[in-house]
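Colleague: Just so we're aligned: the sequence shown equals residues 1 to 877 in the UniProt record's numbering.
It is worth saying that the hints were derived from the structure and are not from the lab.
All the pointers check out, no bait thrown in.
DSSO-like cross-link-like pairs, simulated, lysine-lysine; straight-line CA separation at most 27 Å:
| # | residue 1 | residue 2 |
| --- | --- | --- |
| 1 | Lys295 | Lys403 |
| 2 | Lys366 | Lys593 |
| 3 | Lys679 | Lys696 |
| 4 | Lys593 | Lys295 |
| 5 | Lys637 | Lys625 |
| 6 | Lys549 | Lys593 |
| 7 | Lys782 | Lys625 |
| 8 | Lys366 | Lys295 |
| 9 | Lys637 | Lys782 |
| 10 | Lys696 | Lys782 |
| 11 | Lys295 | Lys598 |
Have a look at the derived ranges for each label pair, beta carbon to beta carbon:
| # | residue 1 | residue 2 | range |
| --- | --- | --- | --- |
| 12 | Glu660 | Ala745 | 30 to 36 Å |
| 13 | Pro32 | Gln78 | 29 to 35 Å |
| 14 | Asp771 | Glu722 | 17 to 23 Å |
| 15 | Ala672 | Arg502 | 42 to 48 Å |
| 16 | Glu133 | Pro165 | 34 to 40 Å |
| 17 | Glu773 | Glu710 | 26 to 32 Å |
| 18 | Pro326 | Val519 | 53 to 59 Å |
| 19 | Glu697 | Pro749 | 19 to 25 Å |
| 20 | Ala668 | Val519 | 37 to 43 Å |
| 21 | Val519 | Gln841 | 42 to 48 Å |
C-beta atoms are modelled at their ideal positions from N, C-alpha and C, and glycine is treated no differently.
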Amino acid sequence: MSTMAFYGDHLPDGEQPDAVAPAFGELSIAQPDGTKRQVAALRLAVAEAVPVLSRARRSPHAHPAAAFWGAAVVVALQLVARGRVRPAVTEGDFDAWRLGPLDAADARRVRDLADAMPAHARAVPLPGRDPLELAEAEPLVRAFLDAVADTMPRGAAAVRAAGAPAFASPAPQQVPHLRDWADQGVRISLRIEGLDSFRAVVQVHSLADPTAVVDAALLWAGADRRAQSDAMVGIRRAARAFPPLERLLDLPVPDEVALLDSDVEQLLRDGAVRLAAAGVDVHWPKDLLRDLSAKVVLGDDRDRPAFFGPDQLTTVNWQLALGDDPLTPDELDRLAEAHRPVVRLRDRWVLVDPELARKARERDLKPVTAIDALGAALTGVTEIDGEQVRVAATGWLDELRAKLALLDDEPVGQPAALRATLRDYQLRGLRWLDRMTSLGLGGCLADDMGLGKTVTLIALHLHRDSGPTLVVCPASLLGNWQREIERFAPGVPVRRYHGTRRELAHEGFVLTTYGTMRVDADRLAEVEWGLVVADEAQHVKNPASDTAKALRRIPAAARVALTGTPVENTLAELWAVLDWTTPGLLGTLPRFKARWAKPIEADHDRAAADRFAALIRPFLLRRRKSDPGIAPELPPKTETDQPVALTREQAALYEAVVRELMAEVAEADGIARRGKIVKLLTGLKQVCNHPAQYLKETEPRLAGRSGKLELLDELLDTILAEGGAVLVFTQYVAMARLIARHLAARGIPSQFLHGGTPVPAREDMVRRFQDGENPVFLLSLKAAGTGLNLTRADHVVHYDRWWNPAVEDQATDRAYRIGQTRPVQVHRLIAEGTIEDRIAQMLRTKRELADAVLSHGEAAFTELSDDELANLVELRA
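Sequences and hints are given; from them, build the entire structure.
Modeller: What follows is the structure, given as structure tokens:
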């Protein structure tokens with residue numbers, strides 16, 4: 001079918017398609033009395049008729065014939081949209097698109113459409129017939145649907161995309177070389193019959209009409225040699241995929257073949273999968289049940305273990321079910337003893353996969369630790385012999401799984417001895433911590449900085465009353481912990497285990513640093529701690545470090561990690577934290593990387609990410625300041641990227657560094673090349689800060705040489721004039737010293753906290769700043785980016801950029817935290833046209849390279865090609 005003819009009033013509303021030259025002529029139509037008459041008609045190509053007919057379907061004035069063909073247009077377009085089109089070759093060897101293959105529902109829809117065809121829709125009689133005959137409705141509908149489908153993929157753009165005109169050009173192309181390919185118009189399937197003895201019956205399907213199917217025996221009884229030849233092609237392909245079918249090739253009529261029990265077992269193992277890949281479906285008897293399934297059942301009716309230690313084991317069994325009903329032990333025994341691929345169960349024949357029979361024989365699996373069982377129950381899957389299988393928890397394990405899903409199932413009141421009123425979210429955090437520590441599971445409280453993790457832990461200590469609490473934290477936080485304990489839990493003993501005098505206490509709180517703990521881990525391990533807390537737990541994110549190993553040697557009834565950034569770089573850091581709080585939950589590090597880190601980080605496996613989230617959700621509680629109802633009283637925070645131009649000296653020095661070090665990078669390879677790239681990046685960042693920093697000048701002239709320093713002067717003048725206070729963060733101690741020297745020359749007092757600042761001096765600096773004695777606080781990003789409470793500041797300046805914005809956010813949170821009453825302005829100084837500008841752009845636009853930076857910092861750039869690196873560091877106007 002290539003044209004549609006409209007006669008009389010059948011062209012709806014007298015419309016003619018735009019930009020179409022109408023082809024008027026006469027048309028013979030059949031009359032009800034068996035005669036025919038000539039009428040004037042408008043002929044349109046199918047492509048031109050489609051929009052006309054689409055409008056007719058909705059027009060109340062359209063003739064029923066036009067409305068019918070409009071409905072047919074909709075059916076054709078819907079099938080095309082679902083991809084139900086295939087290439088074909090016409091009898092004249094032209095390329096064509098046809099609808100198909102159609103499933104049973106689609107074929108039924110086409111038949112229903114044909115049944116609804118009004119007489120006027122097929123009023124043109126067939127030529128040369130006496131008496132007059134009209135075309136059959138269904139073939140006519142199929143021809144029209146094919147014609148509509150043929151218009152869809154064609155066009156000039158399709159030719160460009162395909163690279164050739166065949167099946168793409170607006171005009172059909174002759175393709176005689178594709179005739180043999182197009183003539184393969186059938187496919188085969190196998191119908192399995194018999195129970196006492198199996199046989200595979202060959203069925204042949206028409207590709208043009210998937211509802212047309214016939215047994216091979218009937219096909220060979222006819223005279224369609226082309227279809228027989230095409231069917232033999234399919235049978236040979238099936239025999240290559242499933243060798244037992246090779247016996248068909250020796251038969252004069254390849255209609256069926258007997259199958260041994262071993263053949264059926266092979267079909268169940270992987271034979272059906274191989275056949276499906278070859279385009280051959282396998283149909284089993286309808287009265288043969290195939291819904292036998294297996295899953296792993298964890299747990300038993302014993303009481304829940306009081307503590308999840310490595311010696312607590314949980315039973316593991318295979319559970320087989322028919323549908324949703326588990327098999328009884330007797331049925332499992334019958335299945336295990338079966339020697340055929342079919343078994344009689346519950347008065348029905350059941351098809352048995354050999355692997356399922358093996359599981360019935362070996363249904364008692366090796367017990368696992370209680371914590372491993374809990375992890376499997378939370379994810380719903382576990383790994384058995386390298387296979388991911390479904391898991392069902394029973395008994396105490398199922399009860400615990402359900403309990404962990406509820407945050408507020410057991411009310412815990414605020415301890416009477418606590419001299420503070422916990423906010424609602426802090427009280428929920430206390431309930432969660434109490435539940436996890438009471439179970440001996442531990443957990444990670446990962447609230448945003450400034451949401452009160454310290455007071456929540458103090459409340460937990462008061463509530464548990466189960467022995468002394470050891471707090472391990474950075475040296476800069478010792479004073480803060482002591483002040484908070486004395487403030488919120490007066491009367492509770494608190495002792496610092498730090499410095500030259502180190503005395504342990506067996507009650508209240510003992511505070512120590514990571515450095516001291518690393519040295520004295522064995523002595524600390526002698527105390528029976530009721531609770532061990534790792535504050536700023538990212539300090540032990542490297543499990544191979546001496547600090548992390550030492551912390552693991554200190555036993556405790558419960559462990560809690562505190563951190564505002566549970567994952568800074570990779571999931572392995574989260575493993576390090578949770579494997580300390582809840583040993584064994586995530587398995588060994590190599591197993592964790594293979595099962596979780598690689599699928600999630602490298603393969604972007606969404607299903608694996610969802611399972612991992614389900615696993616860790618009960619053990620990690622994270623709330624953000626931006627979450628509804630968490631900290632509504634916090635004032636607004638405004639973050640601004642402030643671009644600054646390089647001075648002439650900086651620009652010249654920047655280009656010189658690029659030329660010199662890029663030449664060194666080009667000549668190096670391997671580890672040496674990576675080292676050169678890190679040197680290049682570090683040097684450029686130092687040039688952006690100030691030439692004196694890069695040149696390591698001992699008595700530098702500072703003013704007028706750095707655009708950043710000039711902008712900092714402007715910011716400080718405004719902030720101090722308004723009575724504000726400011727934190728200035730830099731990752732370089734040398735740069736902070738230069739800033740302090742410059743400010744002193746301008747008569748602006750400041751103080752500088754870095755990694756070498758003694759603890760008493762740190763605490764005095766914090767007090768002086770909070771009391772308003774010194775409004776400019778210079779801080780090393782690494783030494784002061786976490787833990788400090790500096791809410792006196794209403795401005796935060798990031799003098800240079802860090803590769804990971806999470807680190808910058810932690811530093812900003814020294815000021816933007818609970819207790820802050822004024823709006824906070826964050827200023828990020830960015831040298832225009834430099835690597836800093838490039839990084840800022842990538843962080844904003846979330847490009848792929850930015851994601852690499854977020855994950856791996858400078859290390860990500862060491863893998864760039866020379867051209868990519870040159871593009872990154874090039875100085876631009």
